Amino acid sequence: AQKVTQAQTEISVVEKEDVTLDCVYETRDTTYYLFWYKQPPSGELVFLIRRNSFDEQNEISGRYSWNFQKSTSSFNFTITASQVVDSAVYFCALSELRGSSNTGKLIFGQGTTLQVKP
Amino acid sequence: KAGVTQTPRYLIKTRGQQVTLSCSPISGHRSVSWYQQTPGQGLQFLFEYFSETQRNKGNFPGRFSGRQFSNSRSEMNVSTLELGDSALYLCASSLGVYPGTGETQYFGPGTRLLVL
Numbered sequence: 001a002q003k004v005t006q007a008q009t010e011i012s013v014v015e016k017e018d019v020t021l022d023c024v025y026e027t028r029d030t031t032y033y034l035f036w037y038k039q040p041p042s043g044e045l046v047f048l049i050r051r052n053s054f055d056e057q058n059e060i061s062g063r064y065s066w067n068f069q070k071s072t073s074s075f076n077f078t079i080t081a082s083q084v085v086d087s088a089v090y091f092c093a094l095s096e097l098r099g100s101s102n103t104g105k106l107i108f109g110q111g112t113t114l115q116v117k118p
Numbered sequence: 001k002a003g004v005t006q007t008p009r010y011l012i013k014t015r016g017q018q019v020t021l022s023c024s025p026i027s028g029h030r031s032v033s034w035y036q037q038t039p040g041q042g043l044q045f046l047f048e049y050f051s052e053t054q055r056n057k058g059n060f061p062g063r064f065s066g067r068q069f070s071n072s073r074s075e076m077n078v079s080t081l082e083l084g085d086s087a088l089y090l091c092a093s094s095l096g097v098y099p100g101t102g103e104t105q106y107f108g109p110g111t112r113l114l115v116l
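From first to last, the protein sequence lines stand for chains A and B. Each residue of the first sequence is one higher than the last, beginning at 1 in our numbering. Each residue of the second sequence is one higher than the last, beginning at 1 in our numbering.
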């Protein structure tokens with residue numbers, strides 16, 4: 001069965017600190033897609049990144065970076081020099097597979113609540 | 001380009017009633033998925049529609065149903081509401097060019113349903 005685990009329920013940091021959000025996934029297939037979403041208090045899920053299983057390059061976008069390691073089935077997310085506006089719930093998700101095809105279903109982790117204090 | 005829109009944003013119903021939620025996808029997107037978010041169960045997949053057909057369904061009772069129209073707009077209906085149906089209902093849309101290829105889903109602001 002496919003599963004996403006975000007072991008960190010809540011993280012609290014002071015502004016300008018770096019913070020890493022962990023994501024571990026389980027899947028038996030070789031082709032899959034991973035995602036990170038941000039959910040601010042307003043409720044809307046904001047897309048951050050999509051990565052397919054064949055692309056193991058790390059990615060950096062401004063203060064955000066992602067470390068994808070197939071060997072450990074992890075897709076961790078780091079925010080450098082955190083800001084108060086980064087306070088939100090962050091979700092890691094895996095696209096469900098059916099046979100060799102992806103379906104439209106996302107399997108989400110339980111989310112990590114990040115609080116950045118000024 | 002306008003994002004995914006959902007109406008209404010907030011809804012209060014009583015047990016036993018039924019409710020219909022609406023979702024308009026991003027212009028040009030043909031796939032629509034629905035998710036339920038609760039504090040206890042987290043984000044759970046309800047169903048996915050593409051080209052007016054339900055492609056996938058989550059593990060929810062038959063009281064939960066949905067449909068998609070020819071303009072890709074979608075509605076979901078919950079009949080005989082229960083207290084446990086109180087949740088944030090999120091709609092997401094994706095291009096649908098290659099259904100089933102892990103396309104990025106873009107979410108709307110959600111409808112907060114409270115069942116009393």
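Hint data in this document are derived by calculation from the structure and do not stem from the laboratory. Warning: the hint list may mix true and false statements.
[Said to hold, decoys possible] These stretches of chain A come out as covered by chain B in the derived footprint (C-beta under 8 Å, 3 or more residues):
#1 22-36
#2 47-53
[Unchecked claim] Negatives, chain A to chain B, calculated, CB over 10 Å:
#3 S42
#4 F68
#5 A93
#6 K105
#7 F108
No experiment lies behind these values; they were computed from the predicted model shown. Even glycine gets a Cβ: it sits at the ideal position worked out from N, Cα and C.
Is the listed coverage of the region 22-36 of chain A by chain B valid when you require three or more residues with a beta carbon under 8 Å from a beta carbon of that chain? holds (count 3)
Using Cβ atoms and 10 Å as the threshold, tell me whether K105/A really stays out of contact range of chain B. violated, 4 Å
Cβ separation check - S42/A to all of chain B, threshold 10 Å: violated, 7 Å
Compute the least Cβ-Cβ separation between A93/A and chain B, then decide whether it is above 10 Å. violated, 8 Å
Is the claim that F68/A lies outside the interface with chain B correct, judged by CB distances over 10 Å? Its Cβ never comes within 10 Å of chain B, the nearest being 14 Å, so this holds.
Could you let me know if the closest chain B CB is still more than 10 Å away from the CB of F108/A? Per Cβ check, F108/A is inside 10 Å of chain B; nearest 4 Å; violated.
Is the listed coverage of the region 47-53 of chain A by chain B valid when you require three or more residues with a beta carbon under 8 Å from a beta carbon of that chain? holds (count 3)
Comparing the model with each numbered hint stated earlier shows that hints 3, 5, 6, 7 do not hold.
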